[in-house]
Amino acid sequence: MLATDLLARRATLSRSLRLLSSFRFEQSDPDRFYGPLAADTVAMVDDLWRAGTGGALRGVRLLDVGGGPGYFASAFVDAGVRYIGVEPDPREMHAAAPRTHSRVGTFVRASGTALPFADASVDVCLSSNVAEHVPEPWRLGAEMLRVTRPGGLVVLSYTVWLGPFGGHEMGMTHYLGGHRAAQRYTRKHGHRPKNDYGSSLFAVSARDGLRWAASTGALVAAFPRYHPRWAWAVTKVPGLREFAVSNLVLVLRPR
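Going by the UniProt record's numbering, the first residue of the sequence shown is number 1, and it counts up by one from there.
Mixed in with the good hints, there may be bad ones.
Derived EDC-like pairs: lysine to aspartate or glutamate, alpha-carbon spacing no greater than 20 Å straight-line [to be verified]:
hint : residue 1 : residue 2
1    : Lys-188   : Asp-208
2    : Lys-194   : Asp-89
3    : Lys-236   : Asp-208
4    : Lys-194   : Glu-169
5    : Lys-194   : Glu-136
6    : Lys-236   : Asp-5
With beta-carbon atoms standing in for the labels, derived distance ranges [said to hold, decoys possible]:
hint : residue 1 : residue 2 : range
7    : Gly-55    : His-179   : 28 to 36 Å
8    : Ala-114   : Thr-216   : 15 to 23 Å
9    : Pro-164   : His-189   : 29 to 37 Å
10   : Thr-186   : Arg-50    : 43 to 51 Å
11   : Gly-190   : Thr-216   : 42 to 50 Å
12   : Arg-18    : Asp-78    : 29 to 37 Å
13   : Ala-233   : His-191   : 23 to 31 Å
14   : Gly-55    : Gly-171   : 40 to 48 Å
15   : Arg-192   : Arg-109   : 20 to 28 Å
16   : Gly-59    : Ala-39    : 18 to 26 Å
None of these hints come from the bench; they were simulated from the model.
Keep in mind that this is a model prediction, so the values were computed, not measured.
We put the beta carbon where it would ideally sit given N, CA and C, even for glycine.
Please take these sequences and the hints and turn them into a complete structure.
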């Protein structure tokens, strides 16, 4: 398994509280949500890369599947990464604050389940909070593995359906059932949720992610993204992890 000592030292309670407190601003104040998340993601990927290779992330070619409006692009480019973003929705690609449009990098409109890149063509492939938005999440994962070179790094992070944030903007009403939660949201707000169950939001479990990752033979680490280090053990407890993990990170190293 991958040594995660660097990452574990960063996984403190104060970090967890800081990130979780920003979640409620995702739609009302994207800078306040995506800025800290992007910075933390760069730090996480850098820690994982150093743990696996002993080298710095600077100069690495990174493919970000579902990179969204550009906050991740800015953060990774600032870290010296050769960034390539893939986003199927052009509205997302142009939704960033004006300052974000000054970033550099390459951007491709494409689906994460059919990446237009050659086999073994990138050093790192990242997908942050995308798998729960596609109907075939493990096809997405397989594509990420395909385009990453042997010895490289795949980081697939997604929101677990039964966790407290599984319903996204629908809040905890998703425990009533996805379709019912979406209908309730529509009655309250007069429009369908952005993350609409059955079309742009799907029930993805921790169990299925771990099973898929183990089946590839490339899994080197799995942990809850926003938890302090002392709470990482919940990932190993069937049943409990579906409610307690919240966001699962699967780290794979292609051979």
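Structure-based check of all given hints:
1. Lys-188 / Asp-208: With a Cα-Cα distance of about 33 Å, the restraint between Lys-188 and Asp-208 is violated, given a limit of 20 Å.
2. Lys-194 / Asp-89: Satisfied, since the Cα-Cα distance of roughly 13 Å is no more than 20 Å.
3. Lys-236 / Asp-208: holds, 13 Å
4. Lys-194 / Glu-169: holds, 8 Å
5. Lys-194 / Glu-136: holds, 19 Å
6. Lys-236 / Asp-5: The hint holds at about 18 Å.
7. Gly-55 / His-179: 28 to 36 Å: violated, 47 Å
8. Ala-114 / Thr-216: 15 to 23 Å: With Cβ atoms ~19 Å apart, the hint holds.
9. Pro-164 / His-189: 29 to 37 Å: Given about 20 Å between the Cβ atoms, the range is violated.
10. Thr-186 / Arg-50: 43 to 51 Å: holds, 46 Å
11. Gly-190 / Thr-216: 42 to 50 Å: Holds - the Cβ-Cβ distance for Gly-190 and Thr-216, about 44 Å, lies within 42 to 50 Å.
12. Arg-18 / Asp-78: 29 to 37 Å: violated, 20 Å
13. Ala-233 / His-191: 23 to 31 Å: violated, 41 Å
14. Gly-55 / Gly-171: 40 to 48 Å: This hint holds: roughly 42 Å between Cβ atoms.
15. Arg-192 / Arg-109: 20 to 28 Å: Cβ of Arg-192 to Cβ of Arg-109: about 23 Å, so the range 20 to 28 Å holds.
16. Gly-59 / Ala-39: 18 to 26 Å: holds, 19 Å
When held up to the earlier numbered hints, the structure conflicts with 1, 7, 9, 12 and 13 and fits the remainder.
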